[in-house]
Amino acid sequence: MPDSAPPSAPNARWQDDAGRGRVLALEGDWLEGHQPATLPEAGNAPPEFYDCSGLGRFDSTLAGFLTAMIRASQGGFSQRGEVSLEGLPDGLAQLVRLALTVPEHEEVRQDFHPGNFVSRIGFAISNAMREFTTAADFTGRLIFSFLRLPVGRARFRARDFRLLLEQTGPNALPIVLLISFLIGSILAFVGHAQLALFGASIFVADLVAIAMVREMGALMTGIIMGGRTGAAYAAQLSSMNANEEIDALRTFGFSPFDFLVLPRVLALIITMPILTLFANLAGFIGGMLVAASLGTPPVLFYHEALTVLTTQNSFLGVGKSVFFGAAIAMSGCYFGFHAQRSSEGVGLATTRAVVVSITAIIVINSAFAALFSVLGI
Amino acid sequence: MSANTKDNAKISVRGLTMAYGSFVVMRNLDFDIAARDIFIIMGGSGCGKSTLLRHMIGLVEPAAGEVLYEGRNFTRAGEAERDTLRRRFGVMYQSGALWSSLTLAENIAMPIEENTGLSGRALRDLVEYKLSLVGLAGFGEYYPSEMSGGMNKRAGIARAMALDPEILFLDEPGAGLDPLSASRLDDLILRLRDALGSTFVIVTHELHSIMSIGSNSVFLDTSTRTQGAVGPPQQLRSGEKSSAAREFLTRGRGTGSQGTNA
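Those protein sequence lines, which keep their order, are chains Z and G. No gaps in the numbering here: position 288 of the first sequence is 288 in the numbering used here, and each next residue is one more. No gaps in the numbering here: position 115 of the second sequence is 1115 in the numbering used here, and each next residue is one more.
Treat the hints with caution; some may be incorrect.
On the chain Z side, residues computed to face chain G include the following (Cβ under 8 Å) [unchecked claim]:
no.: 1; residue: Asn243
no.: 2; residue: Glu244
no.: 3; residue: Glu245
no.: 4; residue: Asp247
no.: 5; residue: Arg352
Far from chain G, by Cβ distances over 12 Å, these chain Z residues were calculated [as the list claims (entries may be wrong)]:
no.: 6; residue: Ala25
no.: 7; residue: Glu27
no.: 8; residue: Phe49
no.: 9; residue: Thr67
no.: 10; residue: Phe132
no.: 11; residue: Ala242
no.: 12; residue: Ser293
no.: 13; residue: His338
no.: 14; residue: Ser373
If you are wondering where the hints come from, they were derived from the structure by calculation, not from laboratory data. None of these values were measured; they are calculated from a predicted model. Cβ coordinates follow ideal geometry from the N, Cα and C atoms, glycine included.
Chain Z with its partners taken away, still in its complex shape (with noise of 0.2 Å):
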């Protein structure tokens, strides 16, 4: 058969024939993935027999036809035995058994359909309590460190603790001057250009400082730190976990725990809010240098926003910045925790931590806006 021919239409059709039983009869040429338009019904019983005087060229294609064929006349994996091959060409025929003979498991088929919208709607809910129960439990284990902490029963290495802390805060510093310097300067502007309409240029000194240490310094800071320091530890435990290193940790007595969440958590919520103090005078150092360039002296805009800064403002920023350190920390190392042990893993949980602590900030910042405005401060 000359291979440059086009290929003629791949056929099946059964055959009566006294003599031989079902015997299928294969014409055509079956080639790479195309089957007949029609296929024959598979029945109760595989072919007995095989007619291939009008078969073509074939590949895998007319094995993996046979194969499904056979197997579903038999009503899927469970059972197998003897089947005639006889009448197929040698090849094709040891191609179909060695398929046919590969152990499979019928129950390690996974059959995963996700169904209709009702129980979509109750996967989603049960996977929704599930992930519930698990935080809940962590948050419970990371309680409890926290109380271990003062009696000293739980441990983990000072070595690791100092590094945790340099990480989190003198090489958070820069970014975190830099971006604050930028969101100080922007305040200014557009506070500008709206008081000045007003004749009252004065006022963005208040307006920069009020914004600053209320809002915009703890919030800035804790979306830098969501981004770096979530990300680094979701990145961090997830893949000691791929490594088994939390296991080695687990057999040698160490309570992972206590050795990679509490000092994590511990050292954010200590470097939070230093890190917020340096943001809110940094864009306040960016305000003012914005004002001085649009006419408002420097000297004038500090003495503006004393009258404004008052001791409690001051507070506000900085104590809701301890909140967002214990938010970035928890969601990274839980997400880091909870990972599958593969690559993918590793990115899915780093993706989520992202995004659970940088929600997880402006919901609570939001909690305190709706408190602090009950309590009028």
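We have chain Z; now place chain G onto it with these hints.
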């Protein structure tokens, strides 16, 4: 329970069933490991060898059955008793699982430091000694990422031995090593057993290792989902003709007519 536990058994696995959710990996595993044994857990890929090891060291809870160490029930023990039992064994994980943020020396020093409070010169000497036991003297200041896979595995053994354990669990020590390094590792295991009198539990499917160092073994049979056979691997190989364990140990050439289906 103690009635069917052999007196000299270091580790006893009793009616252990391992499952992930409703999917049973292996059921009714039942065997004893004597002191100073080099006990091999073998079986085809994905049959649950590593899972069995993770059950034995308490990282996964069994669906049924229990694991006993010298007659003390590890599975039913509380966290405190588990910790004391854990102190008596060391584990080398499949990839070495060295803590990647620490150097080799620190990896070995940390468990010693935290468990004994040893420090300074005595600690350094002990760490150097453990490293030289596995032929890595002088590599203490390297990070795991700076070393080859074989070196990481040997370092993993050194760390597993940090607390002078009586039992060492090794998860696929020879996998991914060239034949020469693998056989050096086998020699190392034999020497350590003879010198320290430790008991080894080794997960592997490297036939050569199984035959040359195994003194007892269990074969996990994927088709029946339970243990196929228990006994010294050399015996299992020449055992019953149709047994799955024999087929495994002879690479499928031990069943049927010899040699024709090779």
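Against the structure, the hints:
no.: 1; hint: Asn243; result: holds (6 Å)
no.: 2; hint: Glu244; result: holds (4 Å)
no.: 3; hint: Glu245; result: holds (5 Å)
no.: 4; hint: Asp247; result: holds (5 Å)
no.: 5; hint: Arg352; result: violated (22 Å)
no.: 6; hint: Ala25; result: holds (33 Å)
no.: 7; hint: Glu27; result: holds (35 Å)
no.: 8; hint: Phe49; result: holds (27 Å)
no.: 9; hint: Thr67; result: holds (21 Å)
no.: 10; hint: Phe132; result: holds (19 Å)
no.: 11; hint: Ala242; result: violated (9 Å)
no.: 12; hint: Ser293; result: holds (46 Å)
no.: 13; hint: His338; result: holds (15 Å)
no.: 14; hint: Ser373; result: holds (45 Å)
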